[in-house]
Amino acid sequence: MTVYSLYVFDRTGTCLYYTEWNRKKHSDIARDEEFKLMYGMIYSIKSFVNRISPTDLKDGFLNFKTNRYKLNFYETASGMKFIMTTDLTVGNIRDVLHQIYSNIYLEYVVRNPLCELGQPISSELFHTKLDEYVRGLPIFPTRIS
Amino acid sequence: MGIFSVYIINKAGGLIYQYDHISQRPEAEKTFSYPLELVLKLVDDKIVVAFGERDGIKVGHTLLAVNGISLEGRYLQTDGQDAMEIIAAPENYPINLKFGRTRLTTNERIMLASMFHSLFAIGSQLSPEHHSSGIEVLETDGFKLQCYQTMTGIKFIVIADPKQTGVEVLLRKMYEVYSDFALKNPFYSLDMPIRCDLFDTNLQQVIETSERQGIGNV
Amino acid sequence: MGYNIGVRLIEDFLARSNVGRCNDFRETADVISKLGFKMYLGITPVVSNWSPAGDEFSLLIENNPLTDFVELPPGHSQLNFSNLLCGVIKGALEMIQMDVDVKFVQDILKGDNITEIRLKFLRRLEDAIPVGED
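Residue numbers (the UniProt record's numbering), protein chains in the order written: chain Y, 1 to 145; chain W, 1 to 218; chain G, 1 to 134.
It should be emphasised that the hints constitute simulated quantities derived from the structure, not laboratory data.
We treat Cβ as the ideally placed atom computed from N, Cα and C, and that holds for glycine.
Keep in mind that a hint or two might mislead.
[Stated by the list, open to error] Dumping the calculated DSS-like pairs for lysine-lysine here, alpha-carbon to alpha-carbon at most 27 Å:
1. Y:K70 <-> W:K173
2. W:K11 <-> Y:K25
3. W:K173 <-> Y:K36
[Stated by the list, open to error] Here are some of the chain G residues that sit facing chain W, going by a computed Cβ distance under 7 Å:
4. P73
5. L122
6. R124
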C-alpha cells in the first residue's frame, strides 16, 4: 500500500495545496497546468456521473481506479475538494480525507489568522502536520521503495 | 439491483451501441392545489424543479406528465400545449403532476460517451505511476461504472449496482457477443452504430445471466 | 484481399483467446502460428527463417487446408491461390497497431516443396495506439 499525492482545491478551482510522497511518474506538463487538468477532470467526472446516473445520488463521485492507481475524492459541502491518489490495494479512505479536512485544514489553516483563505497554503505548520498524519496512516508503507 | 445499462464506444469516442437494461428511475406523482408550492424553471427546454423538495420530488427532477399526459420537452405530447402556461393558470387546479429523473436523449448519450472517452484519456495522463491505463472502475454511492478497453481501442462500459459482482466477466462476454454478432454480420460496417437483432438478443442474454450469477454471489 | 476479414477477425480472436499484448515480434509470430492459425485453420505453421534483426520471419505451411483438392488452371501457374491469408494477417495486425508486409514466397501449388509466407515488420502505428496501452 502506498500514497502517491494529495491535491486540495477550493470551490473556485484554485489549487490550494499539493504534495506528493511516493509518486513515480510526473506528467509531461507544467505543475500548474496539471492542477488545471486535474480540476477539470474532477469537474467533468462530477457532471458526467450526475447525468449518467440512473438514480438520485447523495455523495456522487467517490473514486476511480485504473490498472495502476486509485484516485479518491472527497468534497465538503462548502465545495472544498480533497483528492488523494493511492495504489490499488487501498480501500475506502473517505474518512482519512475527512480527517485531513476537519483536523488539519480546519485547525491549521482556517483557524490561522495568517493564512488567507482562497490562496495557496504556504503554512509550514500545516505542511508538517499533514505529512506527519499521512506518514502515520496504516495505508502508508513503512518501508519506502 | 443489477445491471443498469451498457454502452459501447468506438476508438474515436463515438457511441456505437447503448442499451438500458433496468430503468428504475425514481418517479413521483402528486396532485397539487393552487398555488403550487414548487418552484419550477426551464433548463434546456425542460421543466425542472428548482426549489421545494417533498414527497419524493427532488430538486433537479423534471416534469414528466401533467394530468397523466406525457410531456415532450416542455409541451404536452397530445396537443402541444405549453405545460408552463397550464401550471401558471389557477383554473387548471387541482392538477396532477408527475416528476422524475431526466431521461437521457440519444444526443445526450452520445455526448456522455465522448465525454467518458476524454476522461479515460486524462485519467491515464494524470497517473502517478508509469504505464497506467485509463479509468477502469468508477464508483459513486448510487452505481459503479466499469470499463474494458480492448487492444483495438473499443470500450465496453457497464453501469451497474455498486454491489454487483462479475461485471468483469460480463465485459469479456460482451466483447465476444460483439465479435460474433456485429463483426461477423456482413451488413455491419466497422465503427458504425450497431443495429442488429441477433446482437440485441444475445447481449440481453449475457446481461441476464451475469445478473443472476452476480446477485447469487452477494 | 482478405484485409477486411482480418480487421474483423482480430476482434473475434482477442475476445476468445484472452492473450495480452506481445512484448516482441517473436512472441507475435508464436501467437499467430500457435493460436491464430490453430483456431481458424486447424494447422500450426512452423515459424522459421528469422532475419538477423528479428523483424522478418517465415511461416512454413505443410498442409494448407485452403488448397485441398485444388490445382492451378493452366495459364495461371503463377497464381497465389491462398493470397487471402496475407490480407487476413495484415488486416489483423494493423488493428493492433502493427504495420507489416506479408507475401507468399513459395507455394506447393506452384510446385515448390513447401508453402512459405513471409512477414516483415515495418513499424508501430503510434498514433493509433489506444490510450493507456504502451
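Results of checking the hints against the structure:
Note on K70 of chain Y and K173 of chain W: the hinted pairing holds, with a Cα-Cα distance of about 25 Å set against a maximum of 27 Å. Between K11 of chain W and K25 of chain Y the alpha-carbon distance is near 26 Å, which keeps this suggested pair within the 27 Å criterion. Restraint check for K173 of chain W and K36 of chain Y: not satisfied, since their Cα atoms lie roughly 38 Å apart, outside the 27 Å limit. Hint status for P73 of chain G relative to chain W: violated, with the closest Cβ pair at about 28 Å, above 7 Å.
Taking 7 Å as the C-beta contact cut-off toward chain W, the hint placing L122 of chain G at the interface is violated, the least distance being around 19 Å. Hint on R124 of chain G is violated. Least Cβ distance to chain W is approximately 13 Å, over the 7 Å limit.
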